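There are 2 protein chains.
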Amino acid sequence: MMRYPNGSKKRVSRANTAPASSADKYSNRGMTLEEDLNAANIYYLSRNIASIHKKPTPVQIVNVDYPKRSAAVIKEAYFKQASTTDYNGVYKGYHVDFEAKETRNKTSFPLSNIHAHQIAHMEQVIHQRGLSFIIIRFAPLEETYLMESEYIIEYWNNQERGGRKSIPYQTVKDKAYTIPFHFQARLDYLKAVDMVLEKLEEN
Amino acid sequence: MMRYPNGSKKRVSRANTAPASSADKYSNRGMTLEEDLNAANIYYLSRNIASIHKKPTPVQIVNVDYPKRSAAVIKEAYFKQASTTDYNGVYKGYHVDFEAKETRNKTSFPLSNIHAHQIAHMEQVIHQRGLSFIIIRFAPLEETYLMESEYIIEYWNNQERGGRKSIPYQTVKDKAYTIPFHFQARLDYLKAVDMVLEKLEEN
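Chains G and A, in that order, give the protein sequences. Quick note: UniProt numbering has the first sequence finishing at residue 203, numbered continuously throughout. Quick note: UniProt numbering has the second sequence finishing at residue 203, numbered continuously throughout.
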């Protein structure tokens, strides 16, 4: 089994949840947030709804072997820290940029899931009038939200000044948009993006 | 020295060109197109002009070693074909997406530099109203152009129907935008993007 340098890609066990009988939200069981987002992006692309992709894991390649008559093999490489968020693309003329994080926590979203360089990146995207947000999954609750980066940045800056190190679950529930489960798209997060766009167009 | 599975990242020797005396276009000598674009993107980011990044090289990781008290080492991995273009980001609210290609050819840009899946990606980006283009460098001429993907797609489709396998240099010169050399940004390609935007706003 492959392991990653950070915990964001760990498969979250949901073996403790009750068995499901139909295509309700429990159909999602056993899929990581990343798998759900990949399924959504493939669905969006196939229907010409949006072109959004996960960026490859950044790797520092040190040594490559070139065996005769077969593909190059990377023999030594190291994980690098990403300088941006993991997902971006274009939807209805909007630049869309986001990070996706899963937490096992039920009562708050720990800011330790986010890195300083990602906050800086979110600020850059907002400055250029892109749509910047985080998709947060509370795995034990099987609830997934889209929270605009402005809130994340606010909590982050407050933490820097000695404030709390997490965003309370209730704040996420109040400020963020619930992402509905969709049979084909799985995690139909563009529904939540549409709500952000509606709000922007009202202002 | 590291080698890549495709030729797009090869360093182009310019040892045959005449020596330069000042900060004119020859100051660019010895820098690959990729290095120039990285320098431009760092400059744009540092001045809050745009947030545009090169995507990491996609790698299929097969085996990772976890030595005690040191970083994880990737022991076996393979290069994967990218499913998108190499660069994207956001500029003045516009989603910007492009591929960069250097050719040693002086008379035409060979379409063999582009892959079918990249053409499909360009079509998706255009459909979502993003700005899609290719940055083409004719290395022996030390000339770099921004060509909108619409032209590339046109030539590509024509090739599929048995047409020519390259875009003539003169067509690039006529249809594309010259990218000026800039002392700080090096390859100041957003100047060419501005010209595309002006044209779009006129229509």
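If you're looking for bench data, these hints aren't it; they were derived computationally from the structure. Computed from a predicted structure; not experimentally measured. Check each hint, because a few of them may be wrong.
Given that identical chains are not distinguished, each listed pair holds provided it fits within a single copy or across any two copies.
Claimed, not checked - When the alpha-carbon atoms are kept at most 30 Å apart in a straight line, the in silico DSSO-like pairs for lysine-lysine are as follows: (1) K68 with K101; (2) K75 with K92; (3) K68 with K106; (4) K75 with K191; (5) K191 with K55; (6) K68 with K92; (7) K75 with K199; (8) K175 with K92; (9) K165 with K106; (10) K101 with K175; (11) K199 with K101; (12) K75 with K175; (13) K55 with K75; (14) K54 with K92; (15) K75 with K173; (16) K165 with K92; (17) K54 with K191; (18) K101 with K80; (19) K101 with K54; (20) K54 with K173; (21) K80 with K175.
Going through the hints against the structure:
no.	hint	result
1	K68 with K101	between (42 Å within a copy, 27 Å between copies)
2	K75 with K92	neither (42 Å within a copy, 41 Å between copies)
3	K68 with K106	neither (53 Å within a copy, 32 Å between copies)
4	K75 with K191	neither (43 Å within a copy, 41 Å between copies)
5	K191 with K55	both (22 Å within a copy, 27 Å between copies)
6	K68 with K92	neither (47 Å within a copy, 48 Å between copies)
7	K75 with K199	neither (50 Å within a copy, 48 Å between copies)
8	K175 with K92	both (24 Å within a copy, 27 Å between copies)
9	K165 with K106	within (15 Å within a copy, 58 Å between copies)
10	K101 with K175	within (17 Å within a copy, 44 Å between copies)
11	K199 with K101	within (24 Å within a copy, 40 Å between copies)
12	K75 with K175	neither (46 Å within a copy, 44 Å between copies)
13	K55 with K75	both (22 Å within a copy, 21 Å between copies)
14	K54 with K92	both (18 Å within a copy, 23 Å between copies)
15	K75 with K173	neither (46 Å within a copy, 43 Å between copies)
16	K165 with K92	neither (35 Å within a copy, 33 Å between copies)
17	K54 with K191	both (19 Å within a copy, 28 Å between copies)
18	K101 with K80	both (18 Å within a copy, 25 Å between copies)
19	K101 with K54	both (13 Å within a copy, 23 Å between copies)
20	K54 with K173	within (26 Å within a copy, 35 Å between copies)
21	K80 with K175	neither (33 Å within a copy, 39 Å between copies)
The structure does not agree with the numbered hints 2, 3, 4, 6, 7, 12, 15, 16 and 21 stated previously, though it agrees with the rest.
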